[in-house]
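2 protein chains.
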Amino acid sequence: MSIITVERKVLEKNDEIASKNRELFNTHKTFTINLVSSPGSGKTSIIEKTLEHFKGRLNISIIEGDVQTDLDARRVALYNVPVVQIVTNGACHLEAKLVQDALSRLDLNGVQLLFIENVGNLVCPAAYDLGENMKIVIASTTEGDDKPLKYPRMFLNASVLLINKTDLIPYLKCDIGLLKKNALQINPALKIFEMSCTNGEGIRNWCNWLETEIAKRK
Amino acid sequence: MSIITVERKVLEKNDEIASKNRELFNTHKTFTINLVSSPGSGKTSIIEKTLEHFKGRLNISIIEGDVQTDLDARRVALYNVPVVQIVTNGACHLEAKLVQDALSRLDLNGVQLLFIENVGNLVCPAAYDLGENMKIVIASTTEGDDKPLKYPRMFLNASVLLINKTDLIPYLKCDIGLLKKNALQINPALKIFEMSCTNGEGIRNWCNWLETEIAKRK
Chain C
1 MSIITVERKV LEKNDEIASK NRELFNTHKT FTINLVSSPG SGKTSIIEKT LEHFKGRLNI
61 SIIEGDVQTD LDARRVALYN VPVVQIVTNG ACHLEAKLVQ DALSRLDLNG VQLLFIENVG
121 NLVCPAAYDL GENMKIVIAS TTEGDDKPLK YPRMFLNASV LLINKTDLIP YLKCDIGLLK
181 KNALQINPAL KIFEMSCTNG EGIRNWCNWL ETEIAKRK
Chain D
1 MSIITVERKV LEKNDEIASK NRELFNTHKT FTINLVSSPG SGKTSIIEKT LEHFKGRLNI
61 SIIEGDVQTD LDARRVALYN VPVVQIVTNG ACHLEAKLVQ DALSRLDLNG VQLLFIENVG
121 NLVCPAAYDL GENMKIVIAS TTEGDDKPLK YPRMFLNASV LLINKTDLIP YLKCDIGLLK
181 KNALQINPAL KIFEMSCTNG EGIRNWCNWL ETEIAKRK
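Chains as they are written, first to last, in the working numbering: chain C, 1 to 218; chain D, 1 to 218.
Hints should not be assumed to be uniformly reliable.
Taking lysine-lysine pairs in the BS3-like style, the calculated list, with each CA pair at most 30 Å apart, reads [as the list claims (entries may be wrong)]:
1) D:K9 to C:K13
2) D:K55 to C:K173
3) D:K9 to C:K97
4) D:K97 to C:K9
5) C:K191 to D:K55
Derived by calculation from the structure, the hints in this document are not laboratory data.
With the sequences and hints as input, model every part of the structure.
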């Protein structure tokens with residue numbers, strides 16, 4: 001019983017700080033995405049492809065979340081964008097307070113798009129609001145078509161699903177039609193994009209949609 | 001402060017029950033594996049290939065852990081082995097108590113090998129002893145070669161690493177030599193097998209090793 005109470009308090013406190021983060025994002029008209037997925041689904045690769053597509057035409061910043069290492073921050077820093085790495089030291093998800101701390105080291109003035117790359121985990125990050133405008137979940141074709149049914153909360157809380165690694169479909173048993181059907185069964189409002197960071201398929205569509213979302217905030 | 005105390009109590013209680021589970025496994029000479037990985041790395045496929053390889057020559061039982069659905073239990077039940085599904089209802093890992101409950105529905109008499117398939121999560125299950133003889137972690141080639149560095153606790157706590165989906169290497173940027181090097185940097189004692197459930201490569205080696213481990217318990 002005491003655990004539940006403590007957990008509830010932790011979540012209430014988290015939501016309070018998340019609201020403050022959200023206020024900050026809205027004040028600066030920064031479209032903020034909480035990018036979530038299993039380890040190795042392609043979160044960092046999709047950020048890289050997005051940075052490459054916009055090549056300085058958009059003002060983008062990144063917050064990287066990892067259990068250990070700053071490998072991802074070093075990857076995206078090559079694109080000359082502001083990046084802050086959060087190392088959770090074992091914790092399985094980002095919390096609003098960690099993002100708040102990272103924001104003290106980022107200047108949001110003029111930032112049109114902020115990616116928060118969460119820890120690779122299809123369960124725990126679903127429960128924590130960071131103040132983002134939307135959660136975007138990545139499912140790669142190599143993970144199979146049943147993941148939305150097995151990890152429903154993440155797909156329920158996301159606004160957009162990115163199906164990544166479409167270039168590998170010829171070599172897999174993954175039924176992409178069934179993957180979409182399963183995702184929409186959990187969350188009929190999900191917007192879905194298919195893409196491959198290897199051959200570039202679908203990156204333009206995704207970036208066009210991002211531009212539309214950013215334009216709404218002008 | 002109170003959170004830490006509650007968490008410590010939870011872990012102490014978990015370890016107590018895990019010890020009882022372990023005693024039960026040892027009494028029955030049941031070699032018990034806690035199979036852990038990201039979602040979609042191939043935990044269930046590797047169990048299926050193992051069942052296929054031993055085709056009734058070994059007495060095998062399965063405990064399936066999932067956040068939602070009994071899809072995995074239904075898959076392995078096709079091989080006519082005893083299987084119990086644990087649905088965690090949102091929890092991100094199995095705990096010893098859930099396994100203890102599942103064991104009340106399994107007869108371990110004569111069972112030589114028990115797979116406990118954990119929730120797909122490369123972070124949280126690392127912290128929970130279920131009473132298993134060893135944790136075995138799967139990393140699939142599609143997840144990239146940096147995962148041991150980014151999720152070190154899981155690779156540190158595992159005794160064996162199964163590198164799955166080797167058939168996809170020609171289509172990926174994954175450097176399997178680097179993946180092994182990174183894994184051994186975290187845990188130099190890791191035993192490593194490479195395999196593919198699609199073309200069957202490496203399944204025999206893995207199963208031969210399982211037989212040796214089981215023979216030790218006779």
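Outcome of the hint check:
With a C-alpha separation of about 23 Å, the suggested pair K9 of chain D and K13 of chain C falls inside the 30 Å cut-off, and the hint holds. Distance hint between K55 of chain D and K173 of chain C is fulfilled; the C-alpha atoms sit about 24 Å from each other, no more than 30 Å. Between K9 of chain D and K97 of chain C, the direct Cα distance comes to roughly 25 Å. Compliance with the 30 Å bound is thereby established for this hinted pair. Our distance criterion of 30 Å between C-alpha atoms is met by K97 of chain D and K9 of chain C, whose separation comes to about 25 Å.
Taking the CA atoms of K191 of chain C and K55 of chain D, the gap is near 44 Å; set against the 30 Å cutoff, the hint is violated.
Checked against the numbered hints above, the structure breaks only hint 5 and satisfies the rest.
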